[in-house]
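J.: Take a look at the letters that make up each chain.
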Amino acid sequence: MRAILDIFTIVAVVAGAFFFLAGTVGLLRFPDTFTRAHALTKADNLGLGLVVIGLLPQMDGVMAGLKLVLVWLMVLLASATVSQLIARAARRGGSDGGKS
Amino acid sequence: MTLALTLALVGLLMALAIWTVVARDTFAAVTGFVPYGLLLTLAWLQLRAVDVAMTEAAIGAGLTGVLLIAAAARLRATETPAWAERPGLATRVLAAIVSAAVAAGIGACVLLLPDPAPSLAPAVVENIAATGVGNPITAVLMSFRAMDTLLEAIVLLLGLVGVWSLAPDRFWGGRPGPAPTEDPNSILGYLARVLPPIGIVVGVYILWVGADHPGGKFQGATVLAAMWLLVMMAGLSDAPAVDRRWVRIALAGGPGAFIAVGLLGSVIAGAFLGYPEAFAKPLIVVIEAALLPSLAVTLALLLTGPPSRKDSSE
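If you're matching them up, the sequences are chains A and U in order.
Numbering of the first sequence is given in this note's numbering, commencing with residue 1 and proceeding in unit increments.
Numbering of the second sequence is given in this note's numbering, commencing with residue 1 and proceeding in unit increments.
If you are wondering where the hints come from, they were derived from the structure by calculation, not from laboratory data.
Given the structure is predicted, the values throughout are model-derived calculations rather than measurements.
It cannot be assumed that every hint is accurate.
Unchecked claim - Computed spacing ranges between beta-carbons, pair by pair:
| # | chain 1 | residue 1 | chain 2 | residue 2 | range |
| --- | --- | --- | --- | --- | --- |
| 1 | U | 243 | A | 65 | 45 to 53 angstroms |
| 2 | U | 125 | A | 11 | 41 to 49 angstroms |
| 3 | A | 57 | U | 267 | 49 to 57 angstroms |
For glycine and all other residues, C-beta sits at the position ideal for the given N, C-alpha and C.
One chain only, chain A, in its complex shape:
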């Protein structure tokens, strides 16, 4: 049982790390603010979600696991809001979203 949970953790965390990597590549390679924000929020939220799910079996106790899930939900809320604000600021600024 322990071994199965450990393998689950490794697979999920590695998958999460892959999404972080993809998000970083998107941040560096995408052409303007809007697509960059898209890459960051989508990939980071999914990546962190996978890392959290992967770590859940390793926590001792339900409370510690709930705290992890809460951290993920807070990050979801914050990053969704912040990317909206950045995108709006970019659009209101009349720029082409930083294309250059």
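Fit chain U to the supplied structure of chain A, relying on the hints for placement.
T.: Using the frame of chain A, we list chain U on its own:
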């Protein structure tokens, strides 16, 4: 594996530190400073100093970062003229030599530390039971070195007085920061309605667990201050005028209670800030609970800045 992670962390920290120093654009330097603080948090975690890590994340990266971003935004207009009058080569070389000498001096001090370093840790561990507090950091901050913590709280208050003293005469006693213009129904308004109930619980929780686990008033107060700032930024409530009585009471209450308990100690326990052994834990809890709102209001008002407009409600 851990060594590789540590080395990567150190490398990133050094690179960001150098970036922060050499970046020409003030805003770029600040952008480097914030992740530098977050990486420093990881470094403290690596050293198992969780209390310090939390303080670094809350105050070092979060609060100082916001302060510096605001300062950079304000300085933007003067940045180009400031570059025009940059000091000559001789001054810069001299500054570099002096800085390098200071860095070398500090490095020499660290390297010349006796091994094992002199430590009061065993004495703390021996006497921690007398405080009734389980977290040794809290025991040191609130009992063995309570004087430092008291002075820290007062220094913050003095900092706020310094910020307020920058207000022009005609705005004195007015409200700090710009008038709220943000549409209360914006996405920020939504966040400012959803997040504060959670944030207030988290802030008070951080204070409460500080007795036995990593946490405490400074970290908790930063979270509370952030919630209040969020509500103000979203335009849901205006910053209070600085001459409001409740503002003054909230600011002075925590340090006042701390000093009162300290004086009580000099009467009962025979030393300023000495706690009678039976009441050590309750007194520490009282001081922390009194400091939490004071610190939260102080930190939030530090960020909103000096009074900059007349109080329209008068």
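J.: Would you mind marking each hint as holding or not holding in the structure?
T.: Here's how the hints hold up against the structure:
1. U:243 <-> A:65: 45 to 53 angstroms: 48 angstroms Cβ-Cβ, so the 45 to 53 angstroms window holds.
2. U:125 <-> A:11: 41 to 49 angstroms: At 42 angstroms between Cβs, range holds.
3. A:57 <-> U:267: 49 to 57 angstroms: At roughly 56 angstroms between Cβ atoms, residue 267 (chain U) and residue 57 (chain A) fall inside 49 to 57 angstroms, so the hint holds.
Hint compliance for this structure: every hint is met.
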